Amino acid sequence: MKLSIKQKFIIYSLLLISICILFTLYIEVNFHNRVLTLIIFAFLSLIMLSYFLFLLVIRNHIGLILEQLSEMFSSLIDMRQEEVFSTLNDDMLSKLQFQVIKLKEILIAQNKKVKKERDDIKSLISDISHQIKTPVSNLEIYYELLKDPNISKEQKEDFIVNIKSQLRKLNFLMDSMIKMSRLESGIIKLNPKIGNLNETCLTAVKQVYQKAIIKNIKIEFIEKDNINMSYDINWTSEAIFNILDNAVKYTNINGKVVLSIEKYSIYSRIDIKDNGTGLLEEEINNIFKRFYRGENSQKEEGVGLGLYLAREIITKQNGYIKVKSIKGSGTCFSIFLLI
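With UniProt numbering applied, the sequence shown covers 1 to 339.
Incorrect hints may appear among the rest.
Said to hold, decoys possible - Distance condition first, Cα-Cα at most 30 Å in a straight line; then the derived DSS-like pairs of lysine-lysine:
hint: 1; residue 1: Lys122; residue 2: Lys133
hint: 2; residue 1: Lys218; residue 2: Lys249
hint: 3; residue 1: Lys169; residue 2: Lys218
hint: 4; residue 1: Lys256; residue 2: Lys156
hint: 5; residue 1: Lys113; residue 2: Lys322
hint: 6; residue 1: Lys211; residue 2: Lys164
hint: 7; residue 1: Lys147; residue 2: Lys218
hint: 8; residue 1: Lys256; residue 2: Lys289
hint: 9; residue 1: Lys324; residue 2: Lys224
hint: 10; residue 1: Lys115; residue 2: Lys289
hint: 11; residue 1: Lys289; residue 2: Lys122
hint: 12; residue 1: Lys193; residue 2: Lys316
hint: 13; residue 1: Lys249; residue 2: Lys316
hint: 14; residue 1: Lys273; residue 2: Lys179
hint: 15; residue 1: Lys324; residue 2: Lys273
hint: 16; residue 1: Lys189; residue 2: Lys112
hint: 17; residue 1: Lys156; residue 2: Lys169
hint: 18; residue 1: Lys249; residue 2: Lys206
hint: 19; residue 1: Lys206; residue 2: Lys193
hint: 20; residue 1: Lys316; residue 2: Lys211
hint: 21; residue 1: Lys122; residue 2: Lys322
hint: 22; residue 1: Lys133; residue 2: Lys115
Note that these hints are calculated values from the structure, not bench results. Since this is a predicted model, take the numbers as computed values, not measurements.
Let the hints inform the model, and build the full structure from the sequences given.
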């Protein structure tokens with residue numbers, strides 16, 4: 001049977017008292033000196049009293065420390081910012097408290113990160129549901145209409161065209177979300193290497209050129225010599241294309257889009273300027289949000305992921321995008337990339 005600390009303390013105390021009594025009796029029996037016996041008894045009693053007082057002080061001190069430790073760990077559990085031991089003391093308890101505070105800060109940061117990720121997932125699911133709901137509902141309507149045997153051939157062809165349009169929208173949405181998820185999760189790693197920024201911009205222009213021709217929009221590309229720098233060529237081209245595509249969408253027929261490059265000492269700047277519908281000041285803070293669609297965007301194709309992806313791509317290369325816009329006069333997107 002294993003004895004507790006309290007039981008051991010009682011046994012040791014009784015043993016000490018017994019030894020003192022026996023020693024006093026030994027002196028009395030062998031020396032027959034009452035004065036000497038009383039002096040020794042008083043001395044031993046004083047030692048025992050000091051011993052018990054010392055144990056009482058130690059017990060109270062340990063109890064206080066345990067109480068403070070309990071309070072410190074309670075503050076850790078409750079995530080409260082509270083100092084139990086003085087930080088001015090350079091002792092083990094203060095060091096332990098410092099480590100607990102650091103652990104608490106790590107846990108708080110982790111909790112915030114988990115909460116943000118959980119909120120992002122909820123927001124993403126809500127956004128995806130909203131984006132998919134409209135084309136799927138339209139497909140169901142057109143499907144029911146096509147089942148009607150009385151519709152004309154022209155109506156049937158119109159419905160088929162509309163179905164193809166909704167399917168293209170769903171396909172575009174899926175492609176965009178796959179790119180977004182791969183970038184956010186880190187599945188796709190950006191691969192910076194030396195490339196010519198003029199050629200990358202020209203690739204993006206070629207991708208959007210056909211859309212510009214349909215609206216008779218002139219795209220002017222102002223090149224800059226010797227723009228060779230390290231960046232992810234493919235993904236940067238994707239970001240530039242997304243912004244160019246956005247500019248063509250919201251530029252009126254017979255409008256103009258100007259793409260220019262400037263090189264500075266530590267970074268290069270790509271400006272994409274249009275004379276389109278422009279943005280309200282309060283819209284500028286929202287255009288890079290996932291699935292955001294402005295007031296003037298409802299008539300245009302898209303799902304609101306292009307600018308979001310563009311910013312993600314540039315940000316992951318330690319760059320950034322600035323926007324200047326005047327409602328009714330046009331918008332200028334400036335991409336800044338470190339050389």
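*Pairwise hint evaluation, Lys179 against Lys273, where the allowed Cα distance is 30 Å at most*: holds, 26 Å
*For the pair supplied as a hint, Lys115 and Lys289, is the alpha-carbon distance within the 30 Å limit?*
holds, 19 Å
_So if I understand the rule, the pair passes when the alpha-carbon distance is 30 Å or less; does Lys249 with Lys316 pass?_
Since the Cα atoms of Lys249 and Lys316 sit roughly 26 Å apart, the hinted pair holds (cutoff 30 Å).
*Does the structure keep Lys156 and Lys169 at a Cα separation of 30 Å or less?*
holds, 20 Å
*Starting from Lys256, check that the Cα of Lys289 is at most 30 Å away, please.*
Holds, at about 26 Å.
*Holds or violated: Lys211 with Lys164, Cα cutoff 30 Å?*
Satisfied, since the Cα-Cα distance of roughly 19 Å is no more than 30 Å.
*Starting from Lys324, check that the Cα of Lys273 is at most 30 Å away, please.*
holds, 9 Å
*Restraint check for Lys218 with Lys249, where alpha carbons must lie at most 30 Å apart*: holds, 13 Å
*Take the C-alpha atoms of Lys324 and Lys224, compute the straight-line distance between them, and say whether it is at most 30 Å.*
Roughly 22 Å separates the two Cα atoms, so the pair holds.
*Pairwise hint evaluation, Lys193 against Lys206, where the allowed Cα distance is 30 Å at most*: Holds: Lys206 and Lys193 sit about 22 Å apart, inside 30 Å.
_Lys113 paired with Lys322 [C-alpha distance capped at 30 Å]_ = Cα-Cα ~27 Å, so holds.
*Between Lys249 and Lys206, is the straight-line Cα distance small enough, at 30 Å or below?*
holds, 15 Å
Going down the numbered hints, you'll see the structure goes against 4, 7, while the others check out.
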